[in-house]
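The task is simple: from the sequences and hints, build the whole structure.
4 protein chains.
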Amino acid sequence: MRKKGANGQKSRARLLAVAANEFALSGYHKTKISTIVSRAGLTQPSFYLYFDSKEAVFNELMLKFRSQLKEMVVDSRLESGIQREDVRDVIQNVLRNLFGFLLMDPDLTQIGFFIGEEASEVKEELTRMIAQNLKAEQRDGYFHPEANMDIVAECLVGTIERLTLQELLCGKSTPEYLAEQVVNLYMFGLTSHRD
Amino acid sequence: MRKKGANGQKSRARLLAVAANEFALSGYHKTKISTIVSRAGLTQPSFYLYFDSKEAVFNELMLKFRSQLKEMVVDSRLESGIQREDVRDVIQNVLRNLFGFLLMDPDLTQIGFFIGEEASEVKEELTRMIAQNLKAEQRDGYFHPEANMDIVAECLVGTIERLTLQELLCGKSTPEYLAEQVVNLYMFGLTSHRD
Amino acid sequence: MRKKGANGQKSRARLLAVAANEFALSGYHKTKISTIVSRAGLTQPSFYLYFDSKEAVFNELMLKFRSQLKEMVVDSRLESGIQREDVRDVIQNVLRNLFGFLLMDPDLTQIGFFIGEEASEVKEELTRMIAQNLKAEQRDGYFHPEANMDIVAECLVGTIERLTLQELLCGKSTPEYLAEQVVNLYMFGLTSHRD
Amino acid sequence: MRKKGANGQKSRARLLAVAANEFALSGYHKTKISTIVSRAGLTQPSFYLYFDSKEAVFNELMLKFRSQLKEMVVDSRLESGIQREDVRDVIQNVLRNLFGFLLMDPDLTQIGFFIGEEASEVKEELTRMIAQNLKAEQRDGYFHPEANMDIVAECLVGTIERLTLQELLCGKSTPEYLAEQVVNLYMFGLTSHRD
DNA sequence: CATGAATGAGTATTCATTCAT
DNA sequence: AATGAATGAATACTCATTCAT
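Residue numbers (this note's numbering), protein chains in the order written: chain A, 91 to 285; chain B, 91 to 285; chain C, 91 to 285; chain D, 91 to 285.
Watch out, some of these pointers could steer you wrong.
For chains that are exact copies, the list does not tell them apart, and a pair is met inside one copy or across any two.
Claimed, not checked - Derived BS3-like pairs: lysine-lysine, alpha-carbon spacing no greater than 27 Å straight-line:
#	residue 1	residue 2
1	Lys122	Lys225
2	Lys262	Lys225
3	Lys160	Lys225
4	Lys225	Lys144
5	Lys122	Lys154
6	Lys144	Lys100
7	Lys154	Lys144
8	Lys120	Lys154
9	Lys122	Lys144
10	Lys262	Lys122
11	Lys120	Lys100
12	Lys225	Lys100
13	Lys144	Lys120
14	Lys154	Lys100
15	Lys154	Lys262
16	Lys262	Lys100
17	Lys262	Lys144
Simulated from the structure, these hints should not be mistaken for lab results.
Since the model is a prediction, treat every value here as computed from it, not as a measurement.
Right, dumping it as C-alpha cells:
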C-alpha cells in the first residue's frame, strides 16, 4: 500500500514484525489486530493504513517465507558431476544451509512451516525438489538403486520439520550438528560403519 | 455426562463421530457447533446435553487418541533379548503396527497428530518412548554406538508424521510398504547394501 | 431463513416492521441494526437468526413493495373497450387505487419509492406501464393524438410521487381527492371547462 | 475559510467541483473524503484547509444551488398584466428557463434536487412560489376557478423533478421541448384541443 | 430426549478528522 | 500551500452457549 516516508516504513516494518511474532506464537485465529497494533505502539486504523486486512498481512508473511525459501533452495542446488567421496559433504552442506536459513527468522519459519494453510503446499514443494535431487544422485549410482526416492524425500522433509521445531528453533541444537546427524543417518543408517 | 438410554448413546456417538470429522477436516477454530449438530441431525442444545463445551468434545477425542496410542505402543514394546538377525524384522513389525493403528481411525489420527495443541506433546511422548527403545538396542550393540538416539528418535517421529499425512491417510501407501521403506532407510541408509 | 414456530415468526415480523420504519425514517445508512433490535426488544444475534444481513432485510422490504405494487398494477389494468364517457372515471379509479395502495403501508412506500437504490427502477417500470396504457387509449382516440405519451407518463409518475410524499403520507389529502384532482388536471388542463 | 493566493483558490475550486460530482454520483454517505482529495490531486489535510467538514462542503454546494435557483426564479417572475393570449407563452418561457437552469450544472442540480436532505425543503419552497403565481393567474381568470392550485403546484414540481432526472439530465430532451410538452399538458389536458 | 428462541462477548473494518512538519 | 502519519469512534457480524418447554 503506502510507500511514503521513512517513518511510515518503520511503522510498517514494526507491524509486520509484531504480526509475525503473534502469528507464530498464537496461530492465525487467536491473533488479534488489537494486540498487534498495541504491541507496535499504534492504533487499529494505522494497521489498515499499511495492510488491507488481517489475511493480507498473513499472506505477505507467507509469501516472504516461500520466496526466501525458494531462493535459498535454488541457490544451493547440487552441482552435477560431484565426486563420489564428496557427496556426503555436499549434502551435509545443503542441510546445514537449510537449517541455517530456517533459524534466521524463527517467526517466519513457524508461519511458513507450521501455521499457514499453505504450509503443506510448501512442504510438498520442498519434497518434490529434494526428491528430484535424490533421484539424480541415485541415477549417478551414489545411492542404493532400489530405494523409493519419493518416500525418502518425504521422510527427510518430515525429519527436517521435526528437528526444526524440536531442536533448532528452541536452541537445543545447531544447524551444523543437525546436518551432520541427519546425513549420517540417512546415508549410512543405524547399523553400518561410518567413516 | 449423560448415560441414559440406548437412543441417547446413539446420538452422543453420532455427535462425537461428526465432530471428529469436522475437526479433522477444518481444524478446531473453523469447526462450528452448528455444523456438527446439523450434520448429526440434532439441534444445538442437544449437543450440550452430551458435552460440556466445544473444547470438551475436542479433549475427549484427543484423550481417546492418546490412550489408544499409548495402549498400542505399550503392547508392541520390544521384548529384550532378541537375536541380532531378528532386530530388523521386529522393528519393521512395530512400525507396521503403528501405521496400521494410525490408519484405523483417520479422523482421530488427524486430530491427535496434527490438529490439537496437545499434538506436539503427543509426539514428544512418542519420541521419548522410541528413544528409550533405540537406546536399549544401541546398548545391546545392535546400532552404531555414536548415533545420538534422541535425535534419531525425533527424525523417526517426523518421518512417521509426514508419511502418515502424505502417504498413509490419503491411501497412497500401505502400512506394510511404509514400514519396510522406513526400516531399510533407517537401518542401512541410502548408500549401504541391504540383504 | 428460519421458519419454525409461531413465536419466531412474531419476532421476525416485529424486526421486519421496525426495520421498515427505521429505513423509512432515517434512510439505509443511518439505520443501525442495534437500533432495530433494541426497538424490537431483542439483541443483535437474534437479528441474524432471521436475516442474513442489513442489506438482506432491506432487499426483502424492497421486494415486498415491488411485488405488491406489481400485483396492484396488474389487477387494475384498464379493460379495453370502455366507453368514451367512462374513461375519466376508469382512470380516476385506477389512481384512487394506486394512492390507496401507497397509503396502506407508508414505511414500505417510503422505502420502495424514495429510499432504495432500486426506487428509480421501480418508478421507471411504473412509467412504462402507464405509458403503455395511455398509448392504447390514445390510439383509441380518447386523447389528443399529438401528445408524447412517454413524456406524459413521466409527468404523471412525478406527480404521483410528489403528491404521495407531500399530501398522502402526511395525511393532508385522501386518495379520493388526489385522484380526482389529478384526473381533472391531466385530462382537461387548467384552462378548459370540465363537466 | 482561506482566501489566500490564486493557487489556493484553484485547489479549493477543484475540491468543490470534484465533491459536487462525487455527491451527485454516489450520494452523501457513499462519498468519501479520501476519494475527493485523491481525484483533486491533494491529500486529506488539504481538504480541511478549505472546508470545515464533509457536511460543510455539502452545505456549501446546497446553498449555492438554492441561491442560484432563487435568483433564477425571482428573475423570471411573471409580470402582472399580461394578455390572455400571452399566458401560455409566458409560462412556457418560465419553464424553459427553469429547465435551462437545471441543465447548467447537472451535479449541483442532482445535489439540490435529489441528494440533500434539504432537497424536499427546496422543492417545497419552489412549490410555494409556483402556487402563488398560479393563484394570481387564477384570480385573473386565466385558469379554471375550481382547481386547487396548491395541489397543481405540487403536481407541477413533481413533474419538473421527474422530467429533469429522466429526460433533461441524461440528454434525452431539451429544455424547449420539455417546456412545450408540460405547458400543453397542464394548460389544456390530454383531451382538449390545443391551438 | 429434544427443540425453538434468544443472548453475551468478542473482532475486523471503516471513515472523518487532526497534529506536527 | 501542502503532506506524512496517526487516531477516535462507530458498526456489522459471528459463535459458543443457555433457558424454558
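Hints, one by one, checked against the model:
1. In this assembly of identical chains, the alpha carbons of Lys122 and Lys225 never lie at most 27 Å apart, being 44 Å within a copy and 44 Å across copies at closest.
2. Taking CA atoms no more than 27 Å apart as the test, Lys262 paired with Lys225 passes between copies only; the shortest distance there is 19 Å, against 32 Å inside one copy.
3. Taking the shortest alpha-carbon separations for Lys160 and Lys225, only the intra-copy value of 19 Å comes in at or below 27 Å, while the best inter-copy value is 37 Å.
4. For a Cα distance limit of 27 Å, the shortest separation of Lys225 from Lys144 qualifies neither inside one copy, at 40 Å, nor across copies, at 47 Å.
5. Taking CA atoms no more than 27 Å apart as the test, Lys122 paired with Lys154 passes inside one copy only; the shortest distance there is 21 Å, against 31 Å between copies.
6. For the homomeric pair Lys144 and Lys100, the shortest alpha-carbon distance inside one copy (19 Å) is at most 27 Å, but the shortest distance between copies (31 Å) is not.
7. Taking the shortest alpha-carbon separations for Lys154 and Lys144, only the intra-copy value of 16 Å comes in at or below 27 Å, while the best inter-copy value is 35 Å.
8. Both within a single protomer and between protomers do Lys120 and Lys154 lie at most 27 Å apart by alpha-carbon distance, with minima of 21 Å and 25 Å respectively.
9. Taking identical chains as interchangeable, the C-alpha atoms of Lys122 and Lys144 lie at most 27 Å apart whether they share a chain (8 Å) or sit on different chains (21 Å).
10. In this assembly of identical chains, Lys262 and Lys122 lie within 27 Å of each other by CA distance neither inside one copy nor across copies; the values are 30 Å within and 38 Å between.
11. In this assembly of identical chains, Lys120 and Lys100 lie within 27 Å of each other by CA distance solely inside one copy; the values are 25 Å within and 32 Å between copies.
12. Within a single copy, Lys225 and Lys100 get their C-alpha atoms no closer than 46 Å, and across copies no closer than 51 Å, so neither meets the 27 Å cut-off.
13. Taking CA atoms no more than 27 Å apart as the test, Lys144 paired with Lys120 passes in both settings, with 12 Å inside one copy and 16 Å between copies.
14. In the homo-oligomer, the alpha carbons of Lys154 and Lys100 lie at most 27 Å apart inside one protomer (18 Å), although the nearest pairing across protomers, at 45 Å, exceeds that limit.
15. For the identical chains of this complex, Lys154 and Lys262 are intra-copy neighbours only, at 26 Å inside a copy versus 31 Å across copies, given an alpha-carbon limit of 27 Å.
16. Taking the shortest Cα distances, Lys262 and Lys100 never come within 27 Å of each other, neither inside one copy (33 Å) nor across copies (48 Å).
17. When the C-alpha separation of Lys262 and Lys144 is checked against a cutoff of 27 Å, the pair qualifies neither within a copy, at 33 Å, nor between copies, at 35 Å.
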